[in-house]
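Let chain A serve as the given structure and place chains B and C on it in line with the hints.
Chains as they are written, first to last, in numbering that gives the first Met the number 0: chain A, 0 to 372; chain B, 0 to 162; chain C, 0 to 348.
None of these hints come from the bench; they were simulated from the model. Only a predicted model underlies this, so the values are computations on that prediction, with no experimental measurement involved. Quick reminder that beta carbons are idealized off the backbone N, C-alpha and C, glycines included. Be aware that one or more of the hints could be misleading.
To be verified - Dumping the calculated SDA-like pairs for lysine to any residue here, alpha-carbon to alpha-carbon at most 20 Å:
no.: 1; chain 1: A; residue 1: Lys-312; chain 2: B; residue 2: Phe-100
no.: 2; chain 1: C; residue 1: Lys-32; chain 2: A; residue 2: Asp-256
no.: 3; chain 1: A; residue 1: Lys-162; chain 2: A; residue 2: Phe-254
no.: 4; chain 1: C; residue 1: Lys-36; chain 2: A; residue 2: Glu-150
no.: 5; chain 1: C; residue 1: Lys-298; chain 2: A; residue 2: Pro-44
no.: 6; chain 1: C; residue 1: Lys-266; chain 2: A; residue 2: Phe-254
Unchecked claim - Some chain C residues judged to face chain B by a derived CB distance under 7 Å, without partners named:
no.: 7; residue: Pro-67
no.: 8; residue: Ile-71
no.: 9; residue: Thr-74
no.: 10; residue: Glu-91
no.: 11; residue: Arg-268
no.: 12; residue: Ile-270
no.: 13; residue: Arg-272
Stated by the list, open to error - Taking CB as the label site, the calculated pair distances span:
no.: 14; chain 1: C; residue 1: Asp-315; chain 2: A; residue 2: Glu-171; range: 49 to 57 Å
no.: 15; chain 1: C; residue 1: Pro-294; chain 2: A; residue 2: Arg-86; range: 36 to 44 Å
no.: 16; chain 1: C; residue 1: Ile-262; chain 2: A; residue 2: Gly-148; range: 34 to 42 Å
no.: 17; chain 1: C; residue 1: Leu-202; chain 2: A; residue 2: Arg-53; range: 53 to 61 Å
no.: 18; chain 1: A; residue 1: Ala-218; chain 2: C; residue 2: Pro-116; range: 47 to 55 Å
no.: 19; chain 1: C; residue 1: Ala-42; chain 2: B; residue 2: Thr-161; range: 24 to 32 Å
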Amino acid sequence: MAGAERKKGRDVNREITQELRKRAAALLASGDIAAFVGFRIGSHPMIMRPFVARSPEEAERLVWNSFCVINLANYLPGLLRSLEPPRRPGDPPPEGPLPKVGVVATGCWSRNMVVQIQENQIQRQRVVIIGIPSRGMIDRRKVELAAEGAEITGVQEGQHKLKVSTSRGEIELNRWDLVRDNCLTCQRPDPVIYDEMIGQPQWERKVSEPFRQVEEIEALDPDERWAWFTQEISSCIRCYACRNACPLCYCPTCFVDDSRPQWVGKSREPVDTALFHILRAYHCAGRCTDCGTCESVCPMGIKMRLLTRKLQKDVKELYGFEPGLSLEEPLPLSTYRPDDPEPYFDIRPVDESPKPVSGGGGAGEGDMGRQKG
Amino acid sequence: MGAERENSGTGGQWEPRIVAFLCNWCSYAGADLAGVSRLQYPPYIRIVRVPCSGRVSAQLILDAFRAGADGVWVSGCHPGDCHYISGNLYARRRFVLLRRFLEFVGIEPGRLHFSWISASEGEKFAQTAARVAEEVKALGPSRRLVKRFDPQGRVIPAEQVTG
Amino acid sequence: MNSQSSRYTKVDEGALRTWLSRLGGQTRVFAPKSGPKGIVDWAELDDGGLPDLDLGLPLNSIKVFYFPQPEILFTFNARPGQPDSFRLREPEEAGGEIVLAGVRPCDARSITLNSLPYAEDPYFQARTDRLYVIGFPCMEGCSTCFCSWVGGGPGSTDGMDVAVWQMPGGHFVIEAVTEKGGKLMEGLHGAGPVAEPSEEELLHIEQWRKKGLGQAGEDPSLSMRHKDLMACYQAPFWQQVADCCINCGTCTFLCPTCYCFDIQDEKARGIGRRIRYWDSCMFPLFTQHASGHNPRGEKIKRVRNRFMHKFKYFVDRFGPLSCVGCGRCIRQCPVNIDVREVLRDLLAL
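Only chain A is shown next, with the shape it has when bound in the complex (with noise of 0.2 Å):
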C-alpha cells in the first residue's frame, strides 16, 4: 500500500516532467519560440534552480516538483527585452514579429501574467504559456524545521508524504504540514491564462478563513502590532531578494534607490528598514496575487508577505478586485470609482455632532453631502 502510494507520487511529477519537456522541445524545435522558462534539478535538494533552454536538447534537462517556487513571470520582461534586436534609445521599435519566449505558469504566476500585460510589461502574443495546476508548493524552511538542524541531502516526493533523508537518518513527514503559507489559502491554483495545460486542474479552492493569518494580526492593540512589526523586519540585511524577485518589482529605478529625495536609508538601521517593507508592499497593492516569492527567497525567514496580505485583503474588502484574473478589469490603483468608500476623511468639525458615514453620492455632484463649512 506505502509502495503504491509512493509511486503515484512519483508519477505525479515525474508524468508533468515528461510532458512539459515534450512540450517545451517541439516548440523550440519548431522556432515558435526562441527560449524556453523553467525549472532544472540544482544541486541543492529543496531549491530547483530557473532555467532558460534555448534549445530542444536543453528541454530535455527541465523538472516539475513541488520545490519551484520562484515566480518565473519575473524573468520574462527581461528575457522578452534580451531577445529582441538591440536599438538605442530613441530608434523605433523593430518591424515584424519578435521572438517569443515560453513559460510555464501555476495559478499565482499566471495572475502575475496578467497583471504584467496590464502593465505593458509583456506583451500577450510574445508569450507562450504551459500551464500547470499547483498542488501547492512545498516551503523548505518547515521541512528544515522539521529535520531539526540536521542537514538534509535529499527529498522524496509522494502524492501525501514526503521522504526526507538527512545527515541523521531518513524521516517522512506529511506533506500537507510542509505546504507553504500561501498555497495553503490559495483559492485559484489553476493557471487563468494559458495556450496549453498540463496536469489536472485543481478548480477553484473553498478556503474557509483566507486572511486569518491577517486577522489575527489586527486584532491585536496598535504597540502589538508595531512589536510584531519590528520583531519580523528586525532580521533584514536589506539584500532585497524580495523585491528582486517580485515580478512586479521592476522599475528602473527604485524608490529605494533615489536620492534626491532620500526616501528610504540604505543602511540597517530600523527605521529604514521599517519604511523599506512598507512602502515595498505598499507599492505592491492591489496587484501582488500572493505567490509567496518573496517570502521563500528570504535568507533569513521574514515573513513580509503578511503585510501584502494586508493590502489584498483591503483591495478585496473596498473595492472588490481581485488582481490578475481579468485583462479588462483596471488594477484598482490607476482608476477610481465616484463613490469609492472614504471612511477616514469624516474629520468632524469639533462642535458639530456626527454625520453617519456613508459611501456618498455620484460624481460631479461637488460636495460629498457631509459637513458643509
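Here is chains B and C on its own, set in the frame of chain A:
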C-alpha cells in the same frame, strides 16, 4: 545635547508638529481664507502646498513621519471638483489603503488624516485643523518611524525618541 | 611565541564553561544560537553555556562584528552659525571588546583574507583589534562545505586567537594561536583544573590541522593566477549562470569575504553623520556613473564580475582566492547558483 531646537510652545509644553499637504486649488485657498478671516487654528500646522492631493504619494507622507512629523494631514478638493478632474479620486483610494496599512503595522490611527476642503470652506479648515491637532496632541510625540541621531551619530531607538 | 607546551592547555568541559561565563561577565561574548524560526545566528552566549557545536554555521558571517552596517565614520553639527558647525567629529570608541566563541575555521580565515584589501582601513583595524576569535575547528563538514578546496581546511586556525580542539575523550585542548589569544587564556587558570596535553593529543591535533589539505590537487589560486583573464571573461558559460540570477544581495551580504561598501551622508534634526554600509556588486547602482552610463548595466556583467573578482582579480592582486568555502551562498541563493560549479568551470578553461 546637540543643538536641537526645543519643541515647546510658550508654556514649555510639548507641541506637536503637523505637516499638512494642501492642494493648491481648494484646500490651500481654504486655509488662506481662514487666515484672511482671522479664524483661529493651532499654530503648529506646517503647510506644504501641492498642486493636487493626487500628487501626494506614500513616500511623501512617510518621509514626513521619518523627519519627525507627529501628524500628517492631507487635504484636497471635494471629489468631483478636482482642478485636474480626477486627481483626488485616485488619491482617495491611495490614502484609504495607506491609512489602513499603517494602522496594521502599528502606527497610531490618529496620526494620519485626510479631508476634503474647498476654497470657500475657511471655517471648515479651521475646525478640521483644530480637530487634527487635538488628536495628534493626545497621542504625544511620534516615535515609531522617526529617524533621529544622538550626538555620536547613532540612531535613537523608537522608545527613546523625545519630542 | 612561547614554547609549544605552554601554548596548549588541557581542560575539561566544566572549566571551559566557567572560563567563557567569566568572559561574559567582563565583555560581550557571542556564539551561534538557534532562533525562533529555527535559523542559527549569532547571539549573546548564555551564562554558563557552551557554544552548541551541532548547530552548524550561523547564517551571518562574523563580518557583522568587524564590519558592521552601518558604521559611523564621523559626525557633525549640521546647524549653521554655531561654534562647532560642520566640524567633523571622530566617532566614539568603536564599542568595547567582543569575544566570539564557536567560530569555524572558514569564518576565522575571512579576517585574514579581508585584511588584505583592508590593510590600511583604520576602522577595520580598530575593530579587529578589539575582536577575540575563539575558534572551534570542525570535526565534520556538510555537503556544502568546501574550505579545503579554496585554501582553508577544517583544522585551520588561520584568523583565530584561540583554538578549542575537542578531544576524543570529551575534554578540550585550548591553543593560544596569537598573543592576544594567550592573554585571553590567562583566565583559564583558576577556571578549573588545567593540565598539559599528552604527546598523543598533540599528534591528534597536528593530524587534524593537515586534514583536507592537498585534497584539491593543484592549489586553485595558482591555477587561476595562470589563467588568461580575457579567456575567463569571455567564457561561454556565464550566460547560463546569469539567466537565473535575480541580482539580490544575498550572496554578497552573507559571504564572509565580500567586503564592498558605499559611503553616504545622512542628516536628521541638526545632527549629521557619514556612514558606510554594505553595498553589493549585484545591485545595478553599484557601478552607476553620474553621467548616467553604467558599465555593468546588464545582469550578466554583474554576475560575471562577482565571480571574476573572487577567483581572478583578487587572486591576481593579493594571491589567495577571495572565498573561504563556507557554503552560505550555496545554501541561501534563492535560485541555486552554485559557486563550486562556477569555480570548476573556470578551472576547466
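Do the hints match the structure? See the list:
1. A:Lys-312 x B:Phe-100: holds (11 Å)
2. C:Lys-32 x A:Asp-256: violated (34 Å)
3. A:Lys-162 x A:Phe-254: Status violated; Cα separation ~44 Å.
4. C:Lys-36 x A:Glu-150: holds (16 Å)
5. C:Lys-298 x A:Pro-44: violated (26 Å)
6. C:Lys-266 x A:Phe-254: holds (19 Å)
7. Pro-67: With a closest approach of 11 Å, the Pro-67 (chain C) hint is violated.
8. Ile-71: Nearest chain B Cβ about 4 Å off; hint holds.
9. Thr-74: Since the shortest Cβ distance to chain B is 4 Å, the answer is holds.
10. Glu-91: This interface hint holds because 5 Å falls under the 7 Å limit.
11. Arg-268: holds (6 Å)
12. Ile-270: Ile-270 (chain C) check passes; min Cβ-Cβ to chain B is 4 Å, inside 7 Å.
13. Arg-272: Status holds, d = 4 Å.
14. C:Asp-315 x A:Glu-171: 49 to 57 Å: Because 51 Å falls inside the window, the suggested range holds.
15. C:Pro-294 x A:Arg-86: 36 to 44 Å: violated (20 Å)
16. C:Ile-262 x A:Gly-148: 34 to 42 Å: holds (39 Å)
17. C:Leu-202 x A:Arg-53: 53 to 61 Å: holds (56 Å)
18. A:Ala-218 x C:Pro-116: 47 to 55 Å: holds (51 Å)
19. C:Ala-42 x B:Thr-161: 24 to 32 Å: holds (30 Å)
Consistency with the previously given hints fails for numbers 2, 3, 5, 7, 15, ordered from lowest to highest.
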